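> Each chain is listed here by its residues.
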Amino acid sequence: SAVISQKPSRDICQRGTSLTIQCQVDSQVTMMFWYRQQPGQSLTLIATANQGSEATYESGFVIDKFPISRPNLTFSTLTVSNMSPEDSSIYLCSVNGYTFGSGTRLTVV
Amino acid sequence: DAKTTQPTSMDCAEGRAANLPCNHSTISGNEYVYWYRQIHSQGPQYIIHGLKNNETNEMASLIITEDRKSSTLILPHATLRDTAVYYCIVRVPHMNYGGATNKLIFGTGTLLAVQP
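Those protein sequences? They're chains A and B, same order as listed. Under our numbering, think of the first position of the first sequence as 150, with each following residue one higher. Under our numbering, think of the first position of the second sequence as 477, with each following residue one higher.
Straight-line distance between alpha carbons at most 30 Å, and here's what the computed DSSO-like set of lysine-lysine pairs gives: (1) A:K156 <-> A:K214; (2) B:K479 <-> B:K579; (3) B:K545 <-> B:K579; (4) B:K479 <-> B:K545; (5) B:K579 <-> A:K156; (6) B:K479 <-> B:K528; (7) B:K579 <-> A:K214; (8) A:K214 <-> B:K479.
For the record, the hints were derived by calculation from the structure and aren't laboratory data. Everything numeric in this text was worked out from a predicted model, so none of it was measured.
Using the sequences and the hints given, assemble the complete structure.
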């Protein structure tokens with residue numbers, strides 16, 4: 150199965166700033182998925198990213214807040230823009246419906 | 477919205493079988509049932525999945541009722557390291573700009589506490 154490297158593993162950011170999270174896969178994959186896990190909650194799908202097309206966002210998530218890039222079949226980034234404390238969560242990428250990265254723990258102060 | 481309901485928490489004695497139930501009464505004919513677990517501060521770990529037939533792998537067994545409205549994940553000999561949140565998920569079709577795929581909609585999961 151694919152191996153995912155997600156960076157950074159954690160960060161503490163000031164409100165109003167932006168953070169870009171990277172997801173690197175050791176093999177080519179068609180679909181990549183970005184999830185958010187708020188404190189004490191389950192995972193919520195943010196968007197699906199396919200190389201060569203724009204990302205598809207789930208209800209409640211918009212591109213201006215969570216822009217996603219998918220430049221090739223092994224890499225994707227998720228940016229959390231204009232952060233507020235409510236964005237404090239774990240952000241995870243996933244590929245092929247089976248494998249998840251270890252996540253990025255974001256704290257906004 | 478999640479298509480599954482699970483008990484919030486369960487206890488199991490170490491060495492005994494852990495049986496985790498899941499209801500998915502609105503599941504459609506071509507939708508698979510997936511199980512994942514999440515150990516604190518880690519990403520979800522895939523366990524097993526199935527459509528209609530019972531499935532077994534090195535980690536667990538999955539028993540799906542004939543009407544497919546519920547299933548049970550069985551960990552045959554639970555250890556302390558199996559303490560985690562277990563998610564029962566129905567994989568649903570998903571159209572996106574890149575074409576057709578499937579997506580996992582996570583429910584609230586069951587916190588399994590294995591006791592020594």
